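Put together the whole structure using the sequences plus the hints.
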Amino acid sequence: MRVVEAVNQALVTLAANGVGTNLVRFMAAVMRLDNADAANHANNWAGTNYVFSIIGALVSDSCWGRYKACIIFQLIFLAGLVELSISSYLFLHKYCDFGEQRQANCRPPTTTEALIFYIAIYQIALGNGAYQPAITTLGADQFDEADTKERKSKTAFFGYFFVANNLGSMVSVTALTYIEDKGRWALAFWISTAAACIALLLFAIGTLRYRYFMPNGNAILSVGQVIVASIKNRQVKTPQRAEDLYEVDGTHSKNGGRKMLHTPEYRCLDKAAVVKDPRVLLPGEHYSPEPWSLCSVTQVEEVKYILRLVPIWLCSIVYSITYSQMSSIFIEQAAAMDNSLSKFKIPPAGISVFEIVGVTAFVFLYEFGIVKLCSKISREPTELQRMGIGLVISTVAMITSGLVEQQRLKYATRQAEMSSSLSILWQIPQYLLIGASEVFMYVTMMTEFFNHELPDGLKSLGSALSVASMSAGNYASSLLVTVVMTITCKGNQAGWIPEDLNKGHVDRFFFVIAALNAMDLLVFVVLAKRYRRAPSIKTRASDA
792 MRVVEAVNQA LVTLAANGVG TNLVRFMAAV MRLDNADAAN HANNWAGTNY
842 VFSIIGALVS DSCWGRYKAC IIFQLIFLAG LVELSISSYL FLHKYCDFGE
892 QRQANCRPPT TTEALIFYIA IYQIALGNGA YQPAITTLGA DQFDEADTKE
942 RKSKTAFFGY FFVANNLGSM VSVTALTYIE DKGRWALAFW ISTAAACIAL
992 LLFAIGTLRY RYFMPNGNAI LSVGQVIVAS IKNRQVKTPQ RAEDLYEVDG
1042 THSKNGGRKM LHTPEYRCLD KAAVVKDPRV LLPGEHYSPE PWSLCSVTQV
1092 EEVKYILRLV PIWLCSIVYS ITYSQMSSIF IEQAAAMDNS LSKFKIPPAG
1142 ISVFEIVGVT AFVFLYEFGI VKLCSKISRE PTELQRMGIG LVISTVAMIT
1192 SGLVEQQRLK YATRQAEMSS SLSILWQIPQ YLLIGASEVF MYVTMMTEFF
1242 NHELPDGLKS LGSALSVASM SAGNYASSLL VTVVMTITCK GNQAGWIPED
1292 LNKGHVDRFF FVIAALNAMD LLVFVVLAKR YRRAPSIKTR ASDA
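Here the sequence shown stands for residues 792 to 1335, where the numbers follow the working numbering.
In case anyone wonders, no lab produced these hints; they're calculated from the structure. No experiment lies behind these values; they were computed from the predicted model shown. One or more hints might be untrue.
[Unchecked claim] 27 Å max Cα-Cα, derived DSSO-like pairs, lysine-lysine: (1) K1201 x K1281; (2) K973 x K1134; (3) K1067 x K1023; (4) K1067 x K1028; (5) K1320 x K1167; (6) K973 x K1136; (7) K1294 x K973; (8) K1294 x K1136; (9) K1320 x K1095.
[Unchecked claim] Just the calculated beta-carbon pair ranges, DEER-fashion: (10) E1239 x I996: 13 to 21 Å; (11) A1152 x D1040: 49 to 57 Å; (12) Q1176 x I1278: 31 to 39 Å; (13) I996 x Q1198: 49 to 57 Å; (14) L881 x A1285: 46 to 54 Å; (15) R1002 x D1291: 55 to 63 Å; (16) L881 x E1081: 52 to 60 Å; (17) L1156 x I1278: 51 to 59 Å.
Glycine included, C-beta positions come from ideal geometry on N, C-alpha and C.
Below, the structure written as structure tokens:
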């Protein structure tokens, strides 16, 4: 089953990246947008992907269940790809050839054609974005944590999952981007559609073998109930003893997780657990309190756990701005460089394969090199220390990108606009550095930090927070581009990110992001030193 699910994930990743990786080029070449607008549209699309991931996590946990969510969102994803493929073939390719930079005399799409295109790509964003958290959690559901053998198999499963993601990405950023760079957009989209169709069939094959679990409640709804109840009860006096606050009977909370004891932080939230109706406390009575007026101590403590993480989470957004450049400005920079390698031409988006190489290499380097070295010297770096290292590397990556752009401008071709004789291979270091930073920042944050720091009832919300960071980073990047262009275009100037990058200063834009990263790192160090882990939930549960 692991192999089938891994192949499914590889095909879904291939299909999604076949659209997303080169989307900024499609926006510029086919939709006729300038570089700044194309980058903004690509960032907004990627950000919306992540927003839909949050929605998918909540819907699969609280309403449909993971299996049903996977089926529905894969169907939406496939339908969006079919719409994009058909519209590209019928409308966008009808009037000219988009290959080899021959699109200069092509007419822009009509309003109707553009509308169909945007509906299709955002349908793809919904299907793919919402599917990812559902399939990840469904995969984890297939293993029993109480069984030692299955626990080891679960670790192996996520290893397969990681490899599958990388393989799917590698095929899309090499083979599919090469096809797209030749102007065969419709063909590339049909290949993505075929991959998504096969992925859906493979997923359906395992239907009778999957383990199914009922939806276990909505974490976001529970957080909202605590906030509303604490506001409603703001005039009520909080009892001195924690034992006088409301808690459900039994050993588990409402959502099936372990109950937690009261902590003294954020006392204002304790008002949500203040009992105003004595019938709630009568033994033998099955009186159900109104959930928006009275919450359990465990619900309140879950919100406190989230509040402890918010400052660290905010710092991750600036990193996400750096990460988002790979799908936007980096590709536009590559398109203005010499992409010849002997007789072969490297697609501008194809060079991003080195980010995948960077991630894979540094995962192995960390596991088999850094960890062993640190264990001999002192101890393995903590999660927060690793995230700090990720911020340092991302800062270096943006400085490197700026220096490469200065070299590109130095070798800019005067005879032809929007080009430079500097080789596209100069971009390799910045992609490798982004890949390395991802291992320390994203992988640590997603798979370890939020998972360890949040209680049972909020595990899915931890994944949602990680994804929300990426979403916010993409939208923040789009906003940053808009602000930079507004400021730098004054006085009839071309701006830093014009249609012809040879007339702009993308290097300064990269240095601005590097400066933001450096400031974010300083704030992160202060917050990390002040951060105090909450008491172990297991310890607290056993004490109770």
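Tested hints:
1. K1201 x K1281: holds, 25 Å
2. K973 x K1134: holds, 15 Å
3. K1067 x K1023: Within the cut-off at roughly 12 Å; holds.
4. K1067 x K1028: holds, 10 Å
5. K1320 x K1167: Measuring from Cα to Cα gives roughly 24 Å; hence the hint holds.
6. K973 x K1136: holds, 10 Å
7. K1294 x K973: Cα-Cα ~26 Å, so holds.
8. K1294 x K1136: holds, 24 Å
9. K1320 x K1095: holds, 19 Å
10. E1239 x I996: 13 to 21 Å: Check failed, 32 Å falls outside 13 to 21 Å.
11. A1152 x D1040: 49 to 57 Å: Taking Cβ atoms as reference, A1152 and D1040 lie about 53 Å apart, which means the hint holds.
12. Q1176 x I1278: 31 to 39 Å: Between Q1176 and I1278, where Cβ atoms are some 36 Å apart, the hint holds.
13. I996 x Q1198: 49 to 57 Å: holds, 51 Å
14. L881 x A1285: 46 to 54 Å: At 36 Å between Cβs, range violated.
15. R1002 x D1291: 55 to 63 Å: Taking Cβ atoms as reference, R1002 and D1291 lie about 56 Å apart, which means the hint holds.
16. L881 x E1081: 52 to 60 Å: holds, 55 Å
17. L1156 x I1278: 51 to 59 Å: violated, 40 Å
Hint check: violations occur at hints 10, 14 and 17; the rest are consistent with the structure.
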